[in-house]
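**Student:** Go ahead and model the full structure; you've got the sequences and the hints to work with.
Number of protein chains: 2
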Amino acid sequence: MRVTELESYLASRRQLVQEALEKSLPPAGSYPPAIHQAMRYSLFAGGKRLRPILVLAAGETAGSPPEPLLPAACAVELIHTYSLIHDDLPAMDNDDYRRGRLTCHKVFGEAIALLAGDALLTQAFAVLSQVPAGIPPAKVLQAIGELATAAGSQGMIGGQVVDMEAEGQPATLEIVNYIHTHKTGSLIRACLRLGGILAGAGEEQLDILTRYGENLGLAFQITDDILDIEGDFTRMGKKGGMDVARGKATYPACLGLKKAREIARELCAEAQSLARSLGPAAEPLFLLAGYVLNRQG
Amino acid sequence: MRVTELESYLASRRQLVQEALEKSLPPAGSYPPAIHQAMRYSLFAGGKRLRPILVLAAGETAGSPPEPLLPAACAVELIHTYSLIHDDLPAMDNDDYRRGRLTCHKVFGEAIALLAGDALLTQAFAVLSQVPAGIPPAKVLQAIGELATAAGSQGMIGGQVVDMEAEGQPATLEIVNYIHTHKTGSLIRACLRLGGILAGAGEEQLDILTRYGENLGLAFQITDDILDIEGDFTRMGKKGGMDVARGKATYPACLGLKKAREIARELCAEAQSLARSLGPAAEPLFLLAGYVLNRQG
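Those protein sequences? They're chains Y and A, same order as listed.
Each residue of the first sequence is one higher than the one before, starting from 1 at the first, in our numbering.
Each residue of the second sequence is one higher than the one before, starting from 1001 at the first, in our numbering.
A hint or two may mislead.
Partner residues aside, some chain A positions facing chain Y, computed with beta carbon under 8 Å [stated by the list, open to error]:
| # | residue |
| --- | --- |
| 1 | S1030 |
| 2 | V1107 |
| 3 | L1115 |
| 4 | V1162 |
Listed below are the simulated DSSO-like cross-link pairs for lysine-lysine, each with C-alpha atoms no more than 30 Å apart in a straight line [said to hold, decoys possible]:
| # | chain 1 | residue 1 | chain 2 | residue 2 |
| --- | --- | --- | --- | --- |
| 5 | A | K1048 | A | K1258 |
| 6 | A | K1106 | A | K1048 |
| 7 | A | K1259 | A | K1248 |
| 8 | A | K1023 | A | K1106 |
| 9 | Y | K23 | Y | K139 |
| 10 | Y | K139 | A | K1139 |
| 11 | Y | K139 | Y | K248 |
| 12 | A | K1248 | Y | K106 |
| 13 | Y | K106 | Y | K139 |
| 14 | Y | K106 | A | K1106 |
| 15 | Y | K139 | A | K1023 |
| 16 | Y | K258 | Y | K248 |
| 17 | A | K1139 | Y | K23 |
| 18 | A | K1048 | A | K1248 |
| 19 | Y | K259 | Y | K248 |
| 20 | A | K1139 | A | K1048 |
| 21 | Y | K248 | A | K1106 |
| 22 | Y | K48 | Y | K139 |
Honestly, the hints are just simulated from the structure, not real lab data.
Computed from a prediction, not measured in an experiment: that's the story for all the values here.
Glycine included, C-beta positions come from ideal geometry on N, C-alpha and C.
**Tutor:** Structure follows, in C-alpha cells:
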C-alpha cells in the first residue's frame, strides 16, 4: 500500500477506530447510567485518535489488515482517555476544560469522573482480551503485558508522578526527559509495539517500530510544550500558557523555544528515516511523523 | 487433599500469596519512589487475603496445585486494594482509617493515592498476563476478560456507583442486592471462576464454583453490614456505625439485623452444600463459608 494522501488515510482509519470504540463500551443507557454517560462523554470528546491510528499503521507496516488490530487500538485509546480524566481532577491538574469542552468531573462530579476513569482503564483490558481471528493467544497476552507495563508505575503513571513532583522546581533536562518519555512517550511507544507484535513483526522490524515510537513520542510531547506557549484556545481546546503558570518541567523551559523546536524537528526526521527503512508499507508512519511536527492542536 | 484445620490451610496459603504479592510489584525504592511506597503501603496493610485464597481454593478443588494460580490470586488482590484506595478518597467515602491505619491519601496525599490506585489496577493485568507453565494462553486470556468484566462498570465499579447514589435514599432490597452482588460480589465470584478456569475445571464444576462464589459473596457483604453495626474499632480497624451515619443501603437497614443474620446463615449453608457436592478437594471452600459467616473483622 502506498499512501500519498495522509488526510484520507487518517480519515479512513479514524472511522474504523470510531466504530470500534463505539462497540468497545457498554451501550449508552446501560445500568448504571451515570458511569456509562461519563465514560462516553470523555471517550467521544473529539480526540484525534492518534494513538489507535499508530497501532493500525504499525501493524499494517508489518503486513496485517487493520481489523484484527482494532481491539488493541481501542485499548490504547481507552487508557489514554482514562489518564486524561484523572489528570484533570482537582487533586491533580484541576482543569476545567479539555478539547474545548468541560472536563468530566465538571459535568459529572468528582466521584463519577474518578470511577469513569477506573472503568475505562479496566475496560481496556476486557477489550484487549478478545482474541481476533488469526492472532495467536500468546501474542495477545504479550500485548496485554506490554500495554500494562507501559501504562503502569514505571511507565505513564511514573511520568505523571515525576511531572507533579517537578512542578515549581528548576527543570533539569534529565527530569524533563524522564517525564516526557514516560508520561506521553511510554504509551505512544506501546502503540507501535502492540501493532507490530499483533501483526507478527520480526525482531528487527519490531525494534525499528519501537525506535520510531520513541522518537515520535518525544517529538509529540515537545510540540505539545511548544503549543502550550504558542497555541490558542480555539485550536487547542484548552487554556494556553498553563505550563509556565504552573512551573511545569518542559523542553522550552529547559532549553528555550528555538532549541526545543530544533530538537522536535530532529526527532521527527529520525522517525521518518526509520519509517523509510521499513519500506513502502510504512508510508503512513512516515507521513504521521510530519503531521506530529506540524500539528496546530 | 482433606483439610480439617482451616487455620493451617489459611496460614499456608496466605504465606504463598504474601510471597507472590511481594514479587508482583516493582521493588521498594523503585523510581519514582513515592508511588511505589504508596502502592506497597496499601497492598501490605494487613489484609486477610481472602480473595486470593479463594482463587487458590477454587483451583485446588479442580485439581491444580496452588503455584500456577498465584498470578491470578495476586491480580485479584491488586484490584481489591486499588478499589479500597479509591473508595477512601475525599471525593468518595472520605475515610481516614482502614484496617487500623491511616488511609493511603492521608499518608501520601490525594494525587499519589489516586495514581497508586491506578497503578495497582494496571499492574493486576501485567501480572495476570504472565502465563504460568502448564496453563494454555487461551485460558489466561479468558481469565483476563472475566476479571476485567467483574471489576468494570457493570461489575464492581457499577456497584460502587449505585452505592453512592443510594446514600441517604430509602433503601429497597432490589437496590441493596444490586450493590452487594456488584460492589463486593462480582470480584468474589470472579475469584472462584478464575481459579476454576485456570485449573481447567469442566463446565459443571465451574458452574458450581460460580454459584458458591455468588452465595459466599453476598453472605460476605451482609456480614460486613452487620459487623459495621456490631463490630468495634479494635477488631474492624475502622470506625463502626458509619453505614447508618451515612445512610448507606444495607441489609440490616432494609430488613433488620435479625433477618439479615438469618439470610447470611442461609447463604453460607447453600455455599457449604455446593462445596460438599464438589467432593473432598473442596473442603477448604466448605470451611471458608463457615469462616465468612463467623468472622469478627
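**Student:** Each hint should be assessed against the structure and marked as holding or not.
**Tutor:** Comparing the hints with the structure gives:
{"no.": "1", "hint": "S1030", "result": "7 Å, holds"}
{"no.": "2", "hint": "V1107", "result": "15 Å, violated"}
{"no.": "3", "hint": "L1115", "result": "5 Å, holds"}
{"no.": "4", "hint": "V1162", "result": "5 Å, holds"}
{"no.": "5", "hint": "A:K1048 with A:K1258", "result": "27 Å, holds"}
{"no.": "6", "hint": "A:K1106 with A:K1048", "result": "22 Å, holds"}
{"no.": "7", "hint": "A:K1259 with A:K1248", "result": "18 Å, holds"}
{"no.": "8", "hint": "A:K1023 with A:K1106", "result": "26 Å, holds"}
{"no.": "9", "hint": "Y:K23 with Y:K139", "result": "23 Å, holds"}
{"no.": "10", "hint": "Y:K139 with A:K1139", "result": "14 Å, holds"}
{"no.": "11", "hint": "Y:K139 with Y:K248", "result": "38 Å, violated"}
{"no.": "12", "hint": "A:K1248 with Y:K106", "result": "25 Å, holds"}
{"no.": "13", "hint": "Y:K106 with Y:K139", "result": "40 Å, violated"}
{"no.": "14", "hint": "Y:K106 with A:K1106", "result": "24 Å, holds"}
{"no.": "15", "hint": "Y:K139 with A:K1023", "result": "24 Å, holds"}
{"no.": "16", "hint": "Y:K258 with Y:K248", "result": "18 Å, holds"}
{"no.": "17", "hint": "A:K1139 with Y:K23", "result": "24 Å, holds"}
{"no.": "18", "hint": "A:K1048 with A:K1248", "result": "24 Å, holds"}
{"no.": "19", "hint": "Y:K259 with Y:K248", "result": "18 Å, holds"}
{"no.": "20", "hint": "A:K1139 with A:K1048", "result": "27 Å, holds"}
{"no.": "21", "hint": "Y:K248 with A:K1106", "result": "25 Å, holds"}
{"no.": "22", "hint": "Y:K48 with Y:K139", "result": "27 Å, holds"}
Of the numbered hints listed earlier, those contradicted by the structure are 2, 11, 13.
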